[in-house]
Amino acid sequence: MRLSIQKNTLSGRRGAIQTLWFLLFRAAAGINVLALFAVIGFIISKGLSAISWEFLTEMPKNSMTEGGILPCIVGTFSLAMGALAVAFPVGLATAVYLNEYATQGKVVSAIRFAIANLAGVPSVVFGLFGLAFFCTVLKMGVSLLAGALTLGVMSLPVIIGASEEALKAVPDTYREASLGLGASKWQTLCRVVVPSALPGILTGSILALGRAAGETAPIMFTGAVFFTPDLPTSVFDEVMALPYHIYVLATAGTHIGETRPLQYGTALVLITLVLGMNLCAIILRARLRKRSRV
Amino acid sequence: MKHREAAPIATRTHHDAPSPVAEGAVRDSLTRQHTALGDWTAQSLLFVISLVSLFVLGLIMAFLIMEGAPTFSFVSIREFALGHLWYPTDEPPDFGILALIMGSLSVTLISSLIAVPSGVMTAIYLSEIAPPRVAEILKPAIELLASLPSVVIGFFGMVAVAPLMQQLFDIPTGLNLFTASIMLAFMSIPTICTISEDALRNVPVTYREASLALGATPFETISKVTVPAALSGITTSIILGMSRAIGETMVVLMVAGGAAIVPTSLFDPIRPMPASIAAEMGEAPFRGEHYHALFATGITLFLFTILFNVLAMSVSRRYRLKGSS
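Here the protein sequences line up with chains A and B, keeping their order.
When we follow the numbering used here, the leftmost residue of the first sequence carries the number 1, and every step to the right adds one.
When we follow the numbering used here, the leftmost residue of the second sequence carries the number 295, and every step to the right adds one.
Since the hints were made in silico from the structure, they are not lab data.
Remember, it's a predicted structure, so these values are computed and weren't measured experimentally.
Glycine residues also receive a C-beta, built at the ideal position from the N, C-alpha and C atoms.
A couple of the hints might just be wrong.
[As the list claims (entries may be wrong)] Derived SDA-like pairs: lysine to any residue, alpha-carbon spacing no greater than 25 Å straight-line:
#, chain 1, residue 1, chain 2, residue 2
1, A, K290, B, V342
2, B, K433, A, G161
3, A, K139, B, A435
4, A, K168, B, D464
5, A, K290, A, I206
[What the hints assert, rightly or not] Label-pair ranges, simulated between beta-carbon atoms:
#, chain 1, residue 1, chain 2, residue 2, range
6, A, K106, B, W334, 17 to 27 Å
7, B, V342, A, E165, 49 to 59 Å
8, A, L24, B, L379, 36 to 46 Å
9, A, Y174, B, A356, 37 to 47 Å
10, B, P434, A, F113, 29 to 39 Å
11, A, F227, B, S517, 54 to 64 Å
12, A, L198, B, M360, 35 to 45 Å
13, B, S517, A, T254, 47 to 57 Å
14, B, S517, A, A252, 43 to 53 Å
15, A, L20, B, V499, 24 to 34 Å
16, A, A252, B, W334, 48 to 58 Å
17, B, E373, A, F77, 38 to 48 Å
18, B, P434, A, F77, 35 to 45 Å
Based on the provided sequences and hints, a complete structural model is requested.
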């Protein structure tokens, strides 16, 4: 698909224009990659000194100006896992229905319209929805459960999209072979189609998990609080979370300057977690593509 | 989707096949009825679950309206949407969100002035110019850029970019429209870049070959053949990128400065809609006037993103129709 560029044949004005534009294209790509490394590099260089065993395993002390971020790590982990537990079964089932059963119709296009729009709903609107529905109407209050459900609803389109793509990549011959052997459609799905698509589905789920772990706005009013004295013991407890912790330390309170090291440290833990998950997913997907090419 | 037709054919051949043992055939048809019932149940169950997305979108709209509509019992829609003053905690309070809307629109517009050229040019580089090996490394980097949590980008903007801007332009605060636009641009670039690249890659290679064979330079081929052919995909990517920018919360909350004024200069602090909602909801008395007004702001924001999405869908649908004919 690429254009083979023969440098010698291009000369004069046309060649000069091309050289100039290609330089711009390269620069644009370069700047974007540079931005990524600037952010990561900055956070690592400033945050590394704050990281210690105590920082990762202790509770905050002295109204969060000292001590560790254990409750935030636990909170983010539980929120993200809770979100996945909600979104994965629903997302997978939706993708299976849309890709394996659905025929063109009004209901199906309505479902697709809803998924596309759900993907575009601003994160803070999910937060408002969670507050009005999960916290107030379903009487969950500000809790781990309400936060996880809000994040789960937000991750739903990501998981549906990834699962559908993975199901589409399963060759039709697999289905035909299974049906030809006398297996029912359901058996074919459970034993042939979904297992073949599973690595792709899992890759998408890891991406969704990473996204849920890094979100702040949906949990601000539904699950996360400034400070809890204890680790959560039930799903109805309020939790602390890494992204919200960064936001609170960086913008609120009277110790913004003093707690800078803690802010950098927390940001470093968060990007390590999120980028680590994404990197895993990217590597996993690259391997899958190589395998399917053979 | 071809496999759907495969199912009845497979069933028919199985039944028509002369079975050597009659008893076996009977048992077979019994289990077949049994599995057919199971299949029907499974299909219905999956259908019901797939309605969840539709149901959730409906619930989101219903609850936004339910909690937002009471706003219009104490301010008129006109005063709300066109009022300049947003002083929700004053006595008497002012609930005019024009400044918030203008804040959102200005930051979205300026960030896309940065993000569109940068994102599209990166897409062109990745799909048309970069050697495959380079592209293989660059593409995951762009994806990682997309996965950076918004709070981290906001934090980076606050502690690194804002002080730099303050020094560079000698302005009272680095937390303003311009800094927020730059940070926001880096959040929408991955969206623009990924979708544009897909669109460019879907342009048939024969188009490029024909153009090159006519003596066009590779750059002329890109600018006059490949990019125009992918234009609707690129347009979709731009709309979706803007939709992401207008709804993005943490970056504008942390970097935009937070003053509810209609911006007149590039370096004015602003308070876009999502920032206002996120910053004030914690303190707004439950189901008080302020609370309802914030939900009504949420409705406004939601309408903007729905508008962007519907626009993007109609552009890409037209593109698909053109592609198939």
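Which hint numbers doesn't this structure obey? The structure conflicts with hints 1, 3, 4, 7 and 18, although it agrees with all the remaining ones.
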